[in-house]
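Let chain B serve as the given structure and place chain C on it in line with the hints.
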Amino acid sequence: MELTTEELRTQQGSIEKTPADEIIIEEISRNHKLLHRHKLSQAQIHIGRDYHNDIILADPHICPSHLSLEYIDGNWVIADNQTVNGSFIENIKEKKHPANNHVVCDGDVITLGKSQLRIFFTNHPVAPTVAFSPFESFINLMRHPIALLLSIAIFSLIAAGVFYLNTPKEVNFSQLLVPTITMAVGFALWPAGVALVSHLSKHDARVMAQLGISFAFFNLMWLGDFLGEIAAFNSASDAIMPIVAILISAALAYSLFWLNGYIGFHMSAKRRNIVAASITILLFGGSYLVQYSNKAEFNARPEYDATLMMPSFLLAPSSTTDKFIADSGKLFDKTSKKAKQK
Amino acid sequence: MKAFFTLVFILLSSHSYALEEAEQLFNQLKPSLYQIKLIDKASGEKSSIGSGFQISSDGIIATNYHVISSYALHPNKYRIEYFDYQGNKGNLSLQSVDVINDLALVRRDVEHEMQFFELSQNTPHKGEQLFSLGNPHDLGMIVVPGTYNGLKKESFNERIHFTGSINSGMSGGPVVNKSAQVVGVNVATSGNSIGFLVPHDKLVNLFEAYLNTAPQSISEQMTEQLITSQNKLISTILDSPWQAKKLGEKAIIPIIDVPFVRCWGDSNADKADALILTAVANCSLDENTYISSQFFTGTMEIEFRTMQAKDIGASKFYRLYQQQISHAGAGNRANKENITQYQCHHDLVMPDNQAINNKTIFCTRAYKKFPDLFDILYLSASIDKENQALVSHFTIAGINKPNALAFTRQFMEAVLWN
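Respectively, the protein sequence lines represent chains B and C. Sequential numbering from 149 applies to the first sequence in the numbering used here. Sequential numbering from 1118 applies to the second sequence in the numbering used here.
Because the hints were derived from the structure by calculation, they are not lab data. A portion of the hints provided could be inaccurate.
Said to hold, decoys possible - Below 25 Å or equal to it, Euclidean Cα-Cα: the simulated DSS-like pairs (lysine-lysine) are:
(1) B:482 x C:1453
(2) B:488 x C:1194
(3) C:1194 x C:1453
(4) B:471 x B:482
(5) C:1453 x C:1158
(6) C:1453 x B:488
(7) C:1163 x C:1194
(8) C:1453 x B:478
(9) C:1453 x B:443
(10) B:485 x C:1485
(11) B:488 x C:1485
(12) B:317 x C:1502
(13) B:471 x C:1163
(14) B:485 x B:471
(15) C:1427 x B:317
(16) B:485 x C:1518
(17) B:443 x B:482
(18) B:478 x C:1427
(19) C:1486 x B:478
(20) C:1518 x B:482
(21) C:1486 x B:485
(22) C:1362 x C:1270
(23) C:1485 x B:486
As the list claims (entries may be wrong) - Reference excerpt, derived from the structure (chain B facing chain C, CB under 8 Å, subset only):
(24) 228
(25) 352
(26) 384
(27) 447
(28) 453
(29) 462
(30) 479
(31) 483
Stated by the list, open to error - Label-pair distances were calculated between CB atoms; the ranges are:
(32) B:439 x C:1226: 53 to 61 Å
(33) B:323 x C:1272: 45 to 53 Å
(34) B:348 x C:1501: 52 to 60 Å
(35) B:323 x C:1444: 51 to 59 Å
(36) B:468 x C:1158: 49 to 57 Å
(37) C:1307 x B:330: 45 to 53 Å
Because the structure is a prediction, the values reported are computed rather than measured. Glycine is no exception: its CB is placed at the ideal position from the N, C-alpha and C atoms.
In isolation and in its complexed conformation, chain B is listed as follows (with noise of 0.2 Å):
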């Protein structure tokens, strides 16, 4: 019999549209992290350890001729072949049973020995495209070995100026950069710890990123940290501007903790944030517990804010005697009502 190219064309496609006839089957670890993908179109699979197998598996727990997929009437049918391990499936609808004469669904997992195996359909719907976020440019940027480098000779400098402003004694040169280098290195094994943490989980590592981003956060805490002293110096003890320093180094912390994320992981936005703040909250929380468990529950020394800073950084006006005198005379009676209490 003779087709017309016409009815050809029709004939493969509907072949074609048989959902069922190409399939997908990914390898992926325990974690379901896809390891080999294989895309097949023959109708019978045969899955095992020996290399006559459609899908060799190197796991010693499976057998040389594990299990076959057959495509039957339009669906795929698993066969078992009396495995010593026995194969498994598990999928959202069902518990975990047996595999022998399943019809596979899409997005079942076969467990095979200590090796897992999950099933689509081309038909598979997948996950709206994910556009660059805005701070992609900004990323680039700074993993740009010129503004890395930048970077992170702004944080030696600032570094340097720390140290050289804290020693009461004189300094030279070479006794500034022992304790640079070991800061600016100390400070580099966060980004480098986030990018060892996502190469072993098997993302981009990504370092000249992550090293871009981190040194450039961590000089705008810098940069946060003088402005923090500044207000602290201008204000009185009343005032609210301490506070709003607390604020914003640990909102910098937090869009930190976020890049570091966004850089060298791939998951949901609201996972990010959830992990960026738990180490924020982390980091801040716990230098707070520690503080609060270290202090002395009766501390018979004054504290109080001693920040100085030179006359060309006072902003605000001075108050007079009078009212310095009222404001420290509001404090007897605070504390009378403290001894009060017992």
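The following block gives chain C in isolation, referenced to the frame of chain B:
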């Protein structure tokens, strides 16, 4: 030769006469001398010891406040016990205290009128021989001869300077003249035969006030005495001249011209490698008031410090300057039982004379057992010169609010740049 023998004989006899006199005095007075012990009720053991002497026929015994201070503060934990010269013991009850002059009156039960010490009517003259009695280190009653050397000049609360060794345990014991009249009470020593006594008139006042009206509550009596004393101290200080004095090159500081505030100075001008030239003047009250071994009050210290940057920039100078002022602490010992924690206020302050601009910190903590009394701490750091700084600082213990604020105000206006 004969004359020489006579001289030696006279010297020998006068020496033996003094010894005889001391012995005679001691034998005459010992029935009215006591060792005083504070017994911890729970353990039944003594927790502190001192001496005391009877000043009335009906059993009033004088001693130091610090001997029985634990009982005054925790009457349920302790009891006071006396031991007389025959080894008899009995309980004592606390009647009245003078915490400022470190005196206390306790009473023993007496069955019949007893012998007692007579309090002198007049003060001794310089060089007069006196005899201190007491029981040092629980070794037994002794008599120590010594001389009267006038009142200690630098003390706000009068103390007799007695040359003779007073040791711990003799606290509260009497010091008598040759006629066996009490002229003072042993209270402190600074070693090397320098002893200090409470003058007898303080005891006379306390005893007369007690005979007039016995105090209702010891703690109220103490509060009243502490408040009166700080009123007297601060008003004396505020009424005395405050002399403007130069410190370093540019600073003007007040030196309070009263004998009981003594000043000392220091600088690092000899240190060639110092980054900051520093000059310090320290003034303080030379005494304090004992409340308990964990709690002293009545102290006052004033410190001024000028700093001049030598080879460093303003940013480093200010960073080191900040480290200098970060660790101010109280001037008196005190613990949780007696005081609250400090509450502090800080601000940028320019005094009315506009001659300096400061960052100023004021802290106070309240006394838990003595209402309306506080410890205060003041710290002010100049912030108007690039390479120079002036720190002014004081602490006063046991002061009330009006006095604290009046002193602070006067102090703030007296520190400035030349």
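Structure-based check of all given hints:
no. : hint                       : verdict
1   : B:482 x C:1453             : 17 Å, holds
2   : B:488 x C:1194             : 22 Å, holds
3   : C:1194 x C:1453            : 18 Å, holds
4   : B:471 x B:482              : 17 Å, holds
5   : C:1453 x C:1158            : 23 Å, holds
6   : C:1453 x B:488             : 13 Å, holds
7   : C:1163 x C:1194            : 12 Å, holds
8   : C:1453 x B:478             : 22 Å, holds
9   : C:1453 x B:443             : 14 Å, holds
10  : B:485 x C:1485             : 10 Å, holds
11  : B:488 x C:1485             : 7 Å, holds
12  : B:317 x C:1502             : 22 Å, holds
13  : B:471 x C:1163             : 53 Å, violated
14  : B:485 x B:471              : 22 Å, holds
15  : C:1427 x B:317             : 12 Å, holds
16  : B:485 x C:1518             : 14 Å, holds
17  : B:443 x B:482              : 21 Å, holds
18  : B:478 x C:1427             : 40 Å, violated
19  : C:1486 x B:478             : 20 Å, holds
20  : C:1518 x B:482             : 12 Å, holds
21  : C:1486 x B:485             : 13 Å, holds
22  : C:1362 x C:1270            : 23 Å, holds
23  : C:1485 x B:486             : 9 Å, holds
24  : 228                        : 74 Å, violated
25  : 352                        : 43 Å, violated
26  : 384                        : 4 Å, holds
27  : 447                        : 6 Å, holds
28  : 453                        : 5 Å, holds
29  : 462                        : 6 Å, holds
30  : 479                        : 5 Å, holds
31  : 483                        : 4 Å, holds
32  : B:439 x C:1226: 53 to 61 Å : 57 Å, holds
33  : B:323 x C:1272: 45 to 53 Å : 51 Å, holds
34  : B:348 x C:1501: 52 to 60 Å : 57 Å, holds
35  : B:323 x C:1444: 51 to 59 Å : 25 Å, violated
36  : B:468 x C:1158: 49 to 57 Å : 56 Å, holds
37  : C:1307 x B:330: 45 to 53 Å : 52 Å, holds
In summary, the numbered hints that this structure violates are 13, 18, 24, 25 and 35.
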